[in-house]
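A.B. asks: These are the residues of each chain, in order.
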Amino acid sequence: MREISPRSPWAILLIVIVLGYAGILFIAPLIGIISAAFADGLEPIIATLNDPSVQHAFYISFALAIGATAINAVLGLIAAWVLTRQRFRGRRLFDALVDIPFVFSPVIAGYAMIVLFGREGWITPPFAIVFALPGILLAKTFVSLPYVIREVQPVLETLTPEAEDAAYTIGATRWTTFRKVVLPEIWTALLYGIVLTFARAIGEFGAVSVISGNIEGYTETATSFVFRALNDRNASGAYIVSLLLCLISVIILVLMNVLRSRVVRKGV
Amino acid sequence: MKHLKLTLAAAGLLALSAFAPVAAQDAPEPITLTLAGYAVPREAYGDIIPLFQRYWLDQTGQQVIVLESYQASGAQSRAVAGGFAADVVALSIEPDITRLVDAGLVSEDWKDDNPYSGIVTQSLVVLAVRADNPKNILDWADLAAEGVEIITPDPATSGGAQWNILGAAGAAERGFVPGYEGETAVADFLTALAGNVLVFDRDGRESYLTFERGIGDVAITYENEVIGAALAGGTDAYVYPASTILIENPVAVVDTYVDQNGTREVAEAFVEFLWTADAQRAFANRGFRPVTPEVRAQYGLAEEGEEIAEAGAGAVEVNASIVYPAVEDEFTIEHFGGWSEARATYFGDEGLFTRIAAEIQG
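The listed protein sequences correspond, in order, to chains A and B.
Heads up, the first sequence is in the numbering used here, so the first residue is 1 and it goes up one at a time.
Heads up, the second sequence is in the numbering used here, so the first residue is 1 and it goes up one at a time.
Isolated chain A (complex conformation) (with noise of 0.2 Å):
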């Protein structure tokens, strides 16, 4: 492969790609947003913020997001710590799996809930799943499933076994082994994939819109208030509202920049 000179011509065509590339996708909708959020002034700002189903969907949004989070980053770890250390029957299969929610529409997985848990379903719950909250709960953590997982797992499978082995031969327990000896090693990558685990899961749209029925102020989240806020003609409302949703998204940008840079400086 020949290297390309940073000051050839095509260095600089493909900075100008890249820039406008971003330009075009994040910062124009970016600038958008913000521009029509502010379009009418504060009056409709703190109307939006006021308005009782916004601040209820900001809450059913948080709470189930951080539900789904929490979820996923104790079976995902374990599930990454089944994956490199253990062999069984069916491993690889699994571990194909794992990635299948990054590859369904999320809109169909909301429709195979309603097949199980719905009326006349393969199963009966005992309580409300579909059209309730607890079926949110499952469409985000369906649709976040994987980052812990494939966060976790590249740097478990670096480590040998002999550093907890060893551990065990000195009498420490299980579960110390695990705090003082593998914990530091994956820590970094497990916070990361919580980051976007909880990305993932506070943006999902598709699957709870299907799965939700969006009864305001009751199941509709703050992606479903943006859908419906458009069709009310209440566009400074939809705009408010995606703000606060981008403000979201810089933060965990953030937070993802710091952690990359720990993983960085670990890896000198």
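Calculated directly from the structure, the hints in this document are not laboratory data.
Quantities reported herein were computed from a predicted structural model and do not represent experimental measurements.
Backbone N, C-alpha and C define an ideal beta-carbon position, used for all residues, glycine too.
Label-pair ranges, simulated between beta-carbon atoms:
| id | chain 1 | residue 1 | chain 2 | residue 2 | range |
| --- | --- | --- | --- | --- | --- |
| 1 | B | Gly179 | A | Gly206 | 42 to 48 Å |
| 2 | B | Arg213 | A | Asp99 | 34 to 40 Å |
| 3 | A | Leu25 | B | Thr60 | 52 to 58 Å |
| 4 | A | Pro52 | B | Asp58 | 20 to 26 Å |
| 5 | A | Ile78 | B | Asp58 | 56 to 62 Å |
| 6 | B | Glu350 | A | Val74 | 51 to 57 Å |
| 7 | A | Gly41 | B | Thr184 | 54 to 60 Å |
| 8 | B | Glu350 | A | Ile78 | 50 to 56 Å |
| 9 | B | Glu303 | A | Ala39 | 44 to 50 Å |
| 10 | A | Val250 | B | Thr60 | 46 to 52 Å |
| 11 | A | Tyr21 | B | Gln361 | 28 to 34 Å |
| 12 | B | Asp113 | A | Leu25 | 56 to 62 Å |
Fit chain B to the supplied structure of chain A, relying on the hints for placement.
C.D. replies: For chain B alone, coordinates are given in the frame of chain A:
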């Protein structure tokens, strides 16, 4: 680390408090009613629900919380059939309620005892055009002209879309689309029309908003949608075709769910309330044609020679700026022999429009 724990605890509290519906905070033993509506009458229900809440409080001393969900009629009907335990459904077309009857959720005699056969509002299929009508679109035939871009929702998901297609088909069948005559008039006209459709959106509201955003030359839509848009400050115009279909929107109590939820009484009261003069005027003020004779008379819709008791004044006043003109040839779903016939002929797997749409989409 301590700080993180505190934050997590706060988040946990937040999570717990989120599990109660919004308005459920300080009312003594309120009852919750869930309304599953199609996309378009949202604003009208926004006017009617507070009236009903006051009425129910006066009658029973009980507060009623109304949870609302609105999406495309077909999608809403499928959600309710799939387990969305709504007490009342307000849908665009009767077949979306028939689906719930077939699922055993709504009793078969749901419209039998009702003087309006379960129909709560009417509307007409109309053509929305740009303010100065630059393409000079005046009637159905103009939609088939070359280069005209049409916006209409997708009949597969939207009840309103089926009204639109049936409006076009009926007008052709009844000889109101010049240039399309004889045996194949309907098929030819629908083929030409479908070929000009630029966007098939998911529901009626989305479709009209697409048009409002400047896409297309004409939107096949409903009188209530264009009146609603004008009330919201829209500047697009609309024309009434000489021949068009009368849209009839049904409402029903979902028997299985109200019995499960213990809400039969309040659900039935809510549905009945929709035919009170106040509710009917609230619908009419949002662009829906009312169905009760005394409110129809207030909006100039009385049949000639009909004797009507005067509607009493109520909480909702007549908005005199809204006019509901008569069209030359207004027909109903009965022109097609009822919904099951119309569905089979046009939208079934072998239906005429299903085949045309498949051909066009290649």
